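Given the coordinates of chain A, work out where chain B should sit on it, guided by the hints.
As you go down the protein sequences, you meet chains A and B in turn.
Just so we're aligned, residue 1 is where the first sequence starts under my numbering, counting upward by one.
Just so we're aligned, residue 1 is where the second sequence starts under my numbering, counting upward by one.
Quick caveat, the hints were computed from the structure, so don't treat them as lab data.
None of these values were measured; they are calculated from a predicted model.
Be careful, since some hints might not be right.
A few chain B residues facing chain A, derived, Cβ under 10 Å [claimed, not checked]:
#1 Tyr-35
#2 Gly-42
#3 Phe-45
#4 Ser-79
#5 Ala-92
#6 Gly-110
#7 Leu-113
All C-beta atoms, glycine included, are put in the ideal place defined by N, C-alpha and C.
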Amino acid sequence: AQTVTQSQPEMSVQEAETVTLSCTYDTSESDYYLFWYKQPPSRQMILVIRQEAYKQQNATENRFSVNFQKAAKSFSLKISDSQLGDAAMYFCAYRSALGGSNYKLTFGKGTLLTVNP
Amino acid sequence: KAGVTQTPRYLIKTRGQQVTLSCSPISGHRSVSWYQQTPGQGLQFLFEYFSETRRNKGNFPGRFSGRQFSNSRSEMNVSTLELGDSALYLCASSGKDGAGSGNTIYFGEGSWLTVV
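Bound-form chain A, shown alone (with noise of 0.2 Å):
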C-alpha cells in the first residue's frame, strides 16, 4: 500500500516571502500522479498542481510549482510571493496511474500554512 508523509504540521510565511512544503511518498509502482491540494477555512479541496511521475519536467502554475525528486520519492510544493489568501491547510496526494480499482487519492496528513502580514 502506498503511503504519503508529511513531516510538516504547521508552517508560517511572511507576505510575499517564498515558503517550501515537503512530501515524502512510498510506492514500489513506477507510474502515478502526485497532486498538492488546497483546503481553506471553507474546506473545500482544490486543486493547486499536479505531476505526472513520468514526467521528468518539474510542474509549476504560476506562483506554484514543485521539486520532484522520483528516485528519493520526495514532491515538495514551493509557493513564491506568498499571498494571505494562500493561508489553508495544503495536503499532500498520490493517486497509482493503474486506474480501474486503483482510482483513488492517498493524502498525507496536512500542512497548516499561516500567511502573516
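Positioned in the frame of chain A, the structure of chain B alone reads:
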C-alpha cells in the same frame, strides 16, 4: 460550468439513525468517489463508483455503503450511526470533460455530519 455539488451541507443525526448524503458530479464525469475527513484520521477513502459500479472500496465497515445512478449522481449511506462517524464527507468526481484531464479529481464542498 457547475462543480461537484453535495447535499445537504450540514446535518445533525442521533446515534443509531441512518443518513444519506448526495453528490452530483461535474457534468460528463463518470467517476465519483467519497472520502471521510476527521481530525484524528485525516482524509480516508471510502469508495469509488464508475458507471454505476463500485470499483474500489476503502477500509470501512459495512455500515457505509453507496451507489451511483445512471446520470452519475451518487449517494452514500451510513446506517446505525456512531459518534465516531461525525466527520466531513467529501465527494469527488473525475472523468474526461471538454477542458480537463481524465486524471484530475475535483472535490465538492463536503457534507458536515454531526452525530449526537
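Could you work out which of the previously given hints the structure breaks and list their numbers from low to high? Failing hints, ascending: 4 and 7.
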